[in-house]
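Chemist: What follows is each chain in one-letter form.
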Amino acid sequence: DVKVTQSSRYLVKRTGEKVFLECVQDMDHENMFWYRQDPGLGLRLIYFSYDVKMKEKGDIPEGYSVSREKKERFSLILESASTNQTSMYLCASSLGGTQETQYFGPGTRLLVL
Amino acid sequence: QKEVEQDPGPLSVPEGAIVSLNCTYSNSAFQYFMWYRQYSRKGPELLMYTYSSGNKEDGRFTAQVDKSSKYISLFIRDSQPSDSATYLCATGGGDSNYQLIWGAGTKLIIKP
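Chains as they are written, first to last, in my numbering: chain A, -12 to 100; chain B, 502 to 613.
Take the hints with a grain of salt, since some may be wrong.
Simulated DEER-style distance windows between Cβ atoms [said to hold, decoys possible]:
no.: 1; chain 1: B; residue 1: 541; chain 2: A; residue 2: 5; range: 21 to 31 Å
no.: 2; chain 1: A; residue 1: 40; chain 2: B; residue 2: 579; range: 46 to 56 Å
no.: 3; chain 1: B; residue 1: 530; chain 2: A; residue 2: 40; range: 22 to 32 Å
no.: 4; chain 1: A; residue 1: -6; chain 2: B; residue 2: 569; range: 37 to 47 Å
no.: 5; chain 1: B; residue 1: 553; chain 2: A; residue 2: -1; range: 24 to 34 Å
no.: 6; chain 1: B; residue 1: 610; chain 2: A; residue 2: 98; range: 21 to 31 Å
no.: 7; chain 1: B; residue 1: 558; chain 2: A; residue 2: 82; range: 19 to 29 Å
no.: 8; chain 1: B; residue 1: 556; chain 2: A; residue 2: 70; range: 43 to 53 Å
no.: 9; chain 1: B; residue 1: 540; chain 2: A; residue 2: 5; range: 27 to 37 Å
no.: 10; chain 1: A; residue 1: -4; chain 2: B; residue 2: 516; range: 43 to 53 Å
no.: 11; chain 1: B; residue 1: 555; chain 2: A; residue 2: 5; range: 17 to 27 Å
Lysine-lysine pairs mimicking DSSO-like chemistry, simulated, CA-CA at most 30 Å apart [what the hints assert, rightly or not]:
no.: 12; chain 1: B; residue 1: 608; chain 2: A; residue 2: -10
no.: 13; chain 1: B; residue 1: 557; chain 2: B; residue 2: 612
no.: 14; chain 1: B; residue 1: 543; chain 2: A; residue 2: 0
no.: 15; chain 1: A; residue 1: 0; chain 2: A; residue 2: 40
no.: 16; chain 1: B; residue 1: 543; chain 2: A; residue 2: 40
no.: 17; chain 1: B; residue 1: 557; chain 2: A; residue 2: 58
Because the hints were derived from the structure by calculation, they are not lab data.
Beta carbons: idealized from backbone N, C-alpha and C, even for Gly.
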């Protein structure tokens, strides 16, 4: 079974803090994704990575950066957290192209005060 | 206009009813069509996958794609309270590279 784990289930941070969200997958998948999920807006892609050290911006990259130093690990960084970044953050991984199943972690619910 | 439109619901039906969930999409180049199910406080999981047009059946679930009208459907027969979840449609292929384009998700509630 593919397993995608995320470092925290719940996080509370203050405005202006730097926030790190980590994601690890154990199935040697090439692709990894970071989404945020907000009510009524569905999943919005922040960044994805198709290989180590490679990254592509998604639909809403502003205020975020990512790091993929190892194949199994994909980190999302909020450089200076703001209240409008309060959301559910979901990490996913997949084997190859668009047709491949994306496997999701359980999500991190981030509250920025 | 969003590339994939999906009514967020909630949709509430009695146990045993047939449920119909739908999405429309705008890009005729899309070739892959998926339904993911997301239980509360969990990540989404793939439920059904269809390539191009046609129907696919798996137990009580049927996925249907009509590319001529750009319409995606998921039918659930004999619905159970355990089917209560948010159902997200997703599509991709063509020029979308690795990205899936997601609907907003429909929250489904099956009342015992």
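Chemist: Of all the hints numbered above, which does this structure not satisfy? Sort the numbers upward.
Modeler: As far as the earlier hints go, 5, 10, 11, 17 are violated by this structure, in ascending order.
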